[in-house]
Amino acid sequence: MTKISMRVDQENVTDDVEPRMLLVQYLREKLGKTGTVIGCDTSNCGACTVHLNGRSVKSCNVLAVQADGGTVDTIERLADDDGTLHPVQEAFRECHGLQCGFCTPGMIMQSVDLLNENPDPTEEEVRLGLEGNLCRCTGYHNIVKSVLYAAQLKKDAANAPQSEGANA
Amino acid sequence: MTAVDDRPAISPEIGKDRRRKEDQRLITGRTRWTDNIALPGMLHLAMVRSPHAHAKILSIDIEAADKSLNIYEVFTGEHLAETQGVIANAWPITPDQVTPTHLPMATERVAFAGEIVAVVVARSAAEARDAAELVDVEYELLPAVLDLKEAAEDTVLAHPDLGTNKTAFWQLDSAGQGTGRPIDEVIAEARADGIVIEREYRQQRLIPAFMEPRSVVVDPTGEQITMWSATQIPHITRFLLAATTGVPESKIRVIAPDVGGGFGGKLQTTPEEWITWAVARKIGKPCKYTETRSESLISAHHGRDPWQKLTLAATKEGRVTGLKVDLLADLGAYVGVVGGGVPVLGAWMFNAIYKWDAYQFNCTPVLTNKTWVDAYRGAGRPEATYAVERLMDELAAEVGKDPLEVREMNWIKHEEFPFTTVAGMTYDSGNYEAATARAKEMFGYDALRAEQKQRRESGDRVQLGIGISTFTEMCGLAPSRVLGSLNYGAGGWEHATIRMLPTGKVEVITGASAHGQGHETAFSQIVADRLGVPFEDVEILHGDTQVSHKGLDTYGSRSLVVGGEALVLAADKVIEKAKPLAAHLLEANVDDLEFSNGRYSVAGTDQGMGIGEVALATFAAHNYPEGMEPGIDAEATYDPVNFSFPHGTHLCAAEVDTETGQVKLRKYVCVDDIGNIVNPLIVAGQVHGGLVQGIAQALWEEAVYDDSGTLVSGSFVDYLLPTAADTISFEIDHTTSPSTSNTLGTKGVGEAGTIASTPAVVNAIVDAIRQFGINDIQMPCTPERVWTALQGAGSGAATVEDAMPHFEAEEGQQ
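Respectively, the protein sequence lines represent chains A and B.
Numbered by my numbering, the letters in the first sequence go through residues 1 to 168 in order.
Numbered by my numbering, the letters in the second sequence go through residues 169 to 982 in order.
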């Protein structure tokens, strides 16, 4: 067993874990963060995508011990404390970017990272940026639309005279 | 006669693009997938699976596993014995169907690689998996039959004790049932003085590949045994658990919580559910089993997989006269819950939207030593649509006409509805002309044809193809009497209950169990309109047999057209039941009361009362008429009178690089007529997702086995699900011919995109390269197959290597 400590969704946590434990298993089994899900065993599907130190990672592809000392953000704390949705969450709802919702946590976390890196992407750039996340329901049409819509929302918020500061 | 729409005008909620009620929890991670459930003292299961396609089990040594740390128990099939029940087939397509006994856990012999032979029960999932590796099984290999055509020869048997691999022979003959002429006569006429087109098409094996791996939790600690399962069919599961494991149905509660996709892949009762059930009962503790993706791909049922021999007869001018279909369908090692019924569902659809003099459908479902095959989005109808839409293009090429023109020559005209087809189905309404005209306009059909011509003439390296699919399908499974006449084991009705709560909220309970479709939203819209209550005040409850005691679940594009009608019936009963109570409270005559927009009003006065006020007064029950019960809740069971028949025109433009064989989708337009639309946003989502699943069959996906019966596409590395980078955006629209067989005028949309898109894509590819003497490319149309065909080496052999690589940013040369 190895002792690890990290900051997950703005809380400090510490645990003894098996060195082989994956970050996604740590999140789900030890912390009860079941908002992040497991869709495959070959790191192809991206359903388990979270942010580690501000960048998206597939949490099935990171050992819990590798995240020791780091900061992990999951879908569960993406919205504000008062329930205000993140612009990407809002966009997925508005554009019907989800159906069964199983890929959605990973898809949203990846989209947030994509827009952080490239706030004004083309459709092609969105499609390439989401290549590591599989969805079986939507055919991607509305997911791509959601990400483009979120980019627009963020731009509008930034340009608004009295922006309430949409969270990044 | 045309479709007459004498229903009330579309009311405010129906037709609105409401954002989904489901989304708030799904986008914030507040979800209840089965694998999220953790109960006190819960144990975890890991399955030991056969690596061999066909083998006798000689011995199973569980000692090392059993002695491992934190291992609770290890069970083999012998230990579970009769407590494990049996996996049932609900649709024996003939009375003497040959059906192998399907035990959840094999006891003597395994019939496919992936079949379960032992289960390890441990304190954690990781420990269970570790110990599963220590179970030592000794096998004696038996000859395995893997190839479908060889299986039909019966030289090697998938189940030696059955004596044959052929489970049944099922025929629909238009002459025999009096809906057409004898097929052989019509074909002979065409041979003498017309056109006969004979083709053999392959529908490759596909994997539904829902995103949420299957998971099951069984809690035996209460008076009732509760099963949570990632299933499309909680009600059917409860019935079959009772029927096969001896537990009274009233002691069983099945819950399908949030379910992450299905596409038919979760329309099954599974060995994994039955084993978890047996183990939990045996040890008296809650047990959970969640499959890995690899396990899902080898053991959850696959889809499609027939060979299709087709003979089309036509006149010299291109008027179709006869169609003969001979199907060999691979069922894999066992007959699933629908089983041979899946290819048989295509029987009424090969004739499609066209008018024939004669038609014959012959189907032989065959057993092999591969993963079982059952329903996958479209189930029988994509196969049929593929065959006939490919043949229509072949016919057009033969007579030298535009493929749309040949279709129009042969399709059922708008004014001919309702139309009884050569297969014996009555299509209620449709307008193929309108959908096609709109699709052509959106597509820019003539301009693309001109560009195609120009590219051909200039010998461009990149050739353009235009693919057409004018499909129809039958949705809304199904009129119970029709199912009865086909030996199906259940009915096709759906149930609904409406509870009028004293606070004015409305609880709606449906037997249709959603797994991503958006029932909570669309059903709220229907009820809000009918009862005149706010959309937000309607709560849809589903997927728990203790709440929703009666239902037949979600598949076959049935939820709206069958389940939605049950809601309408129940709502109308509430309105009728509340009426005398309202009259009593208003001190008026019942006959003077009118109900509209959620309010009873007394004719000719300004007096009235909202239905919510009646609900509250009924709850208090201080003042109600003598002889009445104080209650206005109602339930209803709706049994459809007919299927519904959506249709549409799909047009696909594809570019084929003649030097590399690379296919690039350029434009995809579809105009679907699905009757009245309750929520256009949800409909668009269903269409987009369906399109990509159908396109994926044409271009990417295939379950491939090696010669020893191992699934080599057994992970997401090898089974090629399309990504965002592989696909394009679509242009969709609708024409509307309301269904005349239900009150809402709806037709069903869940499977339409998948059914229509596969032939549209393959037709486009063949259209681009037909000029080089090519008339078929076997699916999936990988660059290798297209390139091979272009070298003059046929339409493509079996897949042996990787299918198409993922997206590359390379641009096709203009």
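None of these hints come from the bench; they were simulated from the model.
Just so you know, these numbers come straight off a predicted model, no measurement behind them.
Just so you know, not all the hints are guaranteed correct.
To be verified - Residues on chain A that point at chain B, a partial pick, calculated with CB under 7 Å:
hint: 1; residue: Gly35
hint: 2; residue: Gly39
hint: 3; residue: Thr104
Claimed, not checked - Not close to chain A: a few residues of chain B, all C-beta gaps over 12 Å, as computed:
hint: 4; residue: Asp426
hint: 5; residue: Asp774
hint: 6; residue: Pro890
hint: 7; residue: Phe940
Yeah, the Cβ is synthetic: ideal placement off N, Cα and C, and Gly gets one too.
Looking back at the hints listed earlier, which ones does the structure fail to meet? 4, 6
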